[in-house]
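Residue numbers (my numbering), protein chains in the order written: chain A, 0 to 143; chain B, 61 to 718.
Calculated directly from the structure, the hints in this document are not laboratory data.
Derived pair list, reagent style DSSO-like, types lysine-lysine, alpha-carbon separation capped at 27 Å:
#, chain 1, residue 1, chain 2, residue 2
1, A, Lys31, B, Lys75
2, A, Lys128, A, Lys90
3, B, Lys169, A, Lys128
4, B, Lys365, B, Lys314
5, A, Lys8, B, Lys82
6, B, Lys230, B, Lys258
7, B, Lys455, B, Lys397
8, A, Lys8, B, Lys169
9, B, Lys441, B, Lys429
10, B, Lys311, B, Lys301
11, B, Lys585, A, Lys31
12, B, Lys564, B, Lys200
13, B, Lys672, B, Lys642
14, B, Lys167, A, Lys31
15, A, Lys129, B, Lys167
16, B, Lys709, A, Lys90
17, A, Lys8, A, Lys129
18, B, Lys169, A, Lys129
19, A, Lys8, B, Lys167
20, A, Lys31, B, Lys82
21, B, Lys293, B, Lys564
22, B, Lys315, B, Lys301
23, B, Lys709, B, Lys642
24, B, Lys167, A, Lys128
25, B, Lys621, B, Lys587
26, B, Lys642, B, Lys652
27, B, Lys587, B, Lys632
28, B, Lys478, B, Lys496
29, A, Lys31, B, Lys169
30, B, Lys441, B, Lys508
31, B, Lys258, B, Lys243
32, A, Lys90, B, Lys652
33, B, Lys462, B, Lys621
34, A, Lys8, B, Lys75
35, B, Lys314, B, Lys429
36, A, Lys8, B, Lys709
37, B, Lys709, A, Lys135
38, B, Lys478, B, Lys462
For reference, the chains in residue letters:
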Amino acid sequence: MMQQNFEPKIIAFCCNWCSYAGADLAGTGRLKYSENIRIVRVPCSSRVEVQMILRAFQNGADGVMVAGCHPGDCHYDTGNYHTRRRMVLLKSLVSFMGMDPERLLVKWISGNEAARFQETVDSFNDQLKKLGPSNKVRDQRCEI
Amino acid sequence: MKVGVFICWCGSNIKNMVDVEKVAREMENMPRVVHTQDVQYLCSEVGQQDIIKAIDKHKLDRIVIGACSPRMHEITFQRLLESKGLNPYFVEIANIREHCSWVHTDKEKATIKAIDLVRKAVAKSYHAIPLQSDLLGVTKRALVIGGGIAGIQAAIDIADAGYPVDLVEKESSIGGRMAQFDKTFPTLDCSACILTPKMVEAATHENINLYTYAEIEDVAGYVGNFKVKIRQKAKSVDPEKCNGCGDCITKCPKKVPNEFDEGSSKRKAIYTLFPQAVPNKPVIDRDSCIYFHTGKCGLCQRICKTDAIDYKDEDQIIENEYGAIIAATGFDIKNPKSLPEYHYGNHPDVITSLDLERMLNASGPTNGKVIRPSNGEAPKKIVFVQCVGSRDRNKGNAYCSKVCCLYTAKHTLLLNEKFPGTESYVFNIDVRTGGKGYEEFYERARHKGAKYLRGQVSKIESLEDNENRLLVRGFDGSLGEQVEIEADLVVLATSIEPKAGSKKIANLLGVSTDQDGFFSESHPKLKPVETQAQGIYLAGVCQGPKDIPEAVSQASGASCKAIILFNKGQVKSVPTTAMVNKDICSGCMQCKPVCPYEAISKDYVIERIHGKEVRRPVASINRALCQGCGACAGLCRSGAMDVGGFTCKQIMAEVDSL
Chain A
0 MMQQNFEPKI IAFCCNWCSY AGADLAGTGR LKYSENIRIV RVPCSSRVEV
50 QMILRAFQNG ADGVMVAGCH PGDCHYDTGN YHTRRRMVLL KSLVSFMGMD
100 PERLLVKWIS GNEAARFQET VDSFNDQLKK LGPSNKVRDQ RCEI
Chain B
61 MKVGVFICWC GSNIKNMVDV EKVAREMENM PRVVHTQDVQ YLCSEVGQQD
111 IIKAIDKHKL DRIVIGACSP RMHEITFQRL LESKGLNPYF VEIANIREHC
161 SWVHTDKEKA TIKAIDLVRK AVAKSYHAIP LQSDLLGVTK RALVIGGGIA
211 GIQAAIDIAD AGYPVDLVEK ESSIGGRMAQ FDKTFPTLDC SACILTPKMV
261 EAATHENINL YTYAEIEDVA GYVGNFKVKI RQKAKSVDPE KCNGCGDCIT
311 KCPKKVPNEF DEGSSKRKAI YTLFPQAVPN KPVIDRDSCI YFHTGKCGLC
361 QRICKTDAID YKDEDQIIEN EYGAIIAATG FDIKNPKSLP EYHYGNHPDV
411 ITSLDLERML NASGPTNGKV IRPSNGEAPK KIVFVQCVGS RDRNKGNAYC
461 SKVCCLYTAK HTLLLNEKFP GTESYVFNID VRTGGKGYEE FYERARHKGA
511 KYLRGQVSKI ESLEDNENRL LVRGFDGSLG EQVEIEADLV VLATSIEPKA
561 GSKKIANLLG VSTDQDGFFS ESHPKLKPVE TQAQGIYLAG VCQGPKDIPE
611 AVSQASGASC KAIILFNKGQ VKSVPTTAMV NKDICSGCMQ CKPVCPYEAI
661 SKDYVIERIH GKEVRRPVAS INRALCQGCG ACAGLCRSGA MDVGGFTCKQ
711 IMAEVDSL
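In isolation and in its complexed conformation, chain B is listed as follows:
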């Protein structure tokens, strides 16, 4: 065995805090180390050539790298070894950048630590064993979770590439948040006019299968071979028989708040989500329906001409296999009730931007008229409050919700256009208009008369005048003083938050979430649609606040990743799987219940002991299923179980070297 040690400077990133020459020199004293070298950039072409030259010259068969995190460049070096005909698992990386030079301030101590870390890696490399991955087949079928614009776009792209897609939506119609909007910035396109053709395309595409009013129940398996259980909630209306006439909806006596209008109007217990719903067949909301509570009524069943109402319909569990999954679970908006200074919930004329959006929408609760909910009259003076729950950790979320500045500019423009003479005041921290045509759009809003006040609102309260108006107290930065504005209507630009229940989906998918609850991408810059779980991709706001064009681009990116996987048709299995030493396995099978992938099964070996044939039980690993967590190895009492790349010998050698 011949070990070569290479220490990277990473320009000045490591060299400034760690004496790299000293680290390299120290390693010369380690047994079997025949070559040490410090290189300016190991990941560069030149650095790689240095390694290749050393491998040729010294016939190296173990490479130890002291550089950045193995999570960064492990693959780079593994490929290099592969190209030299060495097993890729003969490279060991000591993390002396993220875990050393970047986090310490004392050069002497950091150098000592770096020496320890590299020595630990050298010790581990002595025990490296060659590992191979197998090629596994891929189920060429995709699952998209969430039927908003991101989910729809992802589904259409994959379907256009010729692969079947199942699109699962929790509500009774696809469309998501975009269906609620009136117009979109900066073009003032009618939201429904550009969304509905996409919805229809998704519904009629030969490769897309819609599961509306359905939820994800369970996800098992791994990249290329996911097994998913989908719960199709009982719609109580047979979509095959229903012709969508809507008589049942008209006749239904039970009214409940309409969540699609943010509760500002009523819908029936049997309902379609909105007029252009896809599929445009109603469902019965069993929590509200009189029949399901008392057993009486049954009006809809009696009047249905096609006999489509089925009270006995039950939830069904559909099991399917998929090669890739795209999560597009979308967002909710923060309920501003938790911020009492904004008076939301205490006065009907304090509303959220989404309430206003619904009012502006021609098919909304007011048929496109903007009114004061308190008295139904047209408001003359409207105050917009930005960053409600955003950009302030103490008031909710530390992050910027990204779209509020632009949609507020849109609202002022629409109000100006539809109801001339309406005055708009916008309290803001600052206006963020990054995006094509966005700054111009904001400028247009200001030219048309929207008044922007740079400062935050401290309090909103009721005015005891005849018209029951509101008083908004805030700070105007350009005047440098407190201002008070009497308003007919106050619109709160509330923070965007991850969809309620998306945490459960993340857990099922094995995708981590960030501190705010958004799904974590694999790399913030270079892998924005992948996740740490292979074969699972992200689209839309579930990954972080973004506007429609960004959500659509991300969806196309995510679908492209799935298409790449399907085109390839094969995935490499995880090579760092568990291994059983069948000679010492006692067959106790304690490892079987801890395996989350059901990769361990009981096998038998036949041995001759004292001339007799003995059939002895042992554990056996299905390498295709094993993901290499090592839970089995951690508990094996006979020490028969081990994990490739993290064998007991390797970790013990590391511990011993420290």
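Bound conformation, chain A alone:
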């Protein structure tokens, strides 16, 4: 169900050392990508609590991205291993809630992979456009 003029809302949790740096490098290199992404800076991808991701979905995010260093490259040695395990579980939870698990994207982007950051954002954006707005867990009590 491709919707006309639908612009998805993407919230990305990026680790300070790799993915956030990769996004910075994309900026320095003037690579262009979709305006729909909002980046939240976290020290390490393992800092991201499940509640934060669920809250993002509840607040109307159509997609959430968790990005960290490549496995083995974590600035804190092992943080992204914990993320990897946690996100596997969370994906099944997201699916259990009736949402498409592809709305939760976990990516490893290093500090010098600016092009990878750009591609990731754009392809995620395209994919969410195809999936359409996410209404399953959106908290509609506060909306008019």
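Knowing the structure of chain A, use the given hints to seat chain B on it.
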């Protein structure tokens, strides 16, 4: 709480794509925001004064900046707040340059995004908590990994400043690549003549401790307090007893290819790396030694007059503490076998530049004579091929290896001088001679008769003539046509690549590597020797291709950074550490195993419940060890764990504001 919002134009960098006035205006509607302003350059003196004035006028206690990445100027603004008596962690930065104005093309949408990003930062600032860093002691001892010229220089500089240094080298001698070279450009200094005094100085310096034939096993800790395990591989020769007479080497019956001569000669199973090795004591290569394979032989032990051979020697793990670490792991050269068009490996007369360098070296496999490996005769016509595996992503590496143009010019000059009448042809994409005296050196090579052909080689093949020569097919740009040259010897200027195994070292050190495998510096322009990991510095080619003077300067720069750290004697700890709310911690201790720094331990609180004293377990953080990754906070089921600067409330506020 009074929040002040400042939006930076960054000249035109942000202003061109984001309506900064509108962003500032929008923020006026946010609760507790009492001042908004857009400024041309916030990082400038004028911009900083604007913030100071606003703090004084409105009694601001939270500052929100919409500007470049916090990775760029966070410290600038934190210092400003500190100077005004505010906690440095009361500043919040919205990244509207790298993450917004530079990556978008629609001004309207970019402005909406910038408003969101600044609103997110304002929301986060409401929940900011004051953070303090502690001062930690520094172990005034440095570790240098890699005993090439960069490592040697770094070690000597730190040692001269009066601090002890351990220099760890994988091979049995220090010296590295420079020891393999014959002459150095552009002065044609004898490489060994300028290197060996440095090697001896490093070996005899009272503050330098050499660990040769040793590798790094494990690195733990943090700036000022690294704990490193070094594996001293079994040398099987007691260096205290050995007098370096070399009888064992002469008598050893086992011969293996000599890696120091790039495999073009043989060495024994008990060997020193090269004649001027430091330390000049042999080691037994257990993979090749007959005794270690069959239990027989034992010739070296029998003939050793000082009884230095010890077959029972074992690897030892040495544990040491260091304040700073310098990585100088060096490079390898690309094996051109993966590029079949160059015929390397199929014909003995196609060699690499390093092979030629060894041949030219008086202590090399041919005692300084250049020969055709196929028949041992002197080559008359030599073709040099530049950029083998460099500057072409499809053929290997996208980057320029930087030194090949100059060393090829050096080779043509040396050949001309030592063997007059040798013809040299150099196929090149273009000749790069950035560096003092380099252009003049290249000019000299051309005047002395080297013929430069601007174009690339498409194929090298064997000629079926009597002398088994080679045919080099290539393009000559100045003629604009294909050329064919019959050559006696072809020399490939192969690409420089990071040392095999350096990735493992990078992982141990917590230093990231770039797409080519070279160690990433902290900032490409302004922090070329630091890394993202504090207290770990870079020297030499491990950071990227460079020539000897550059490697030496970088080594001195890196050692200077270590000396600064030691002179100061203290480092500020990371203030953004984990924090436990002991009231709600259930003491499950799930956080303990995920902590990579072993900063979490079990503690007990004593409470009175119904008149009874109860001893309840809770987690406790060692703030000196914690680096603030937040792995513990991410999994805490009771929500008792939090990370300063990235508290749950702060991140939730950010998510809620979007």
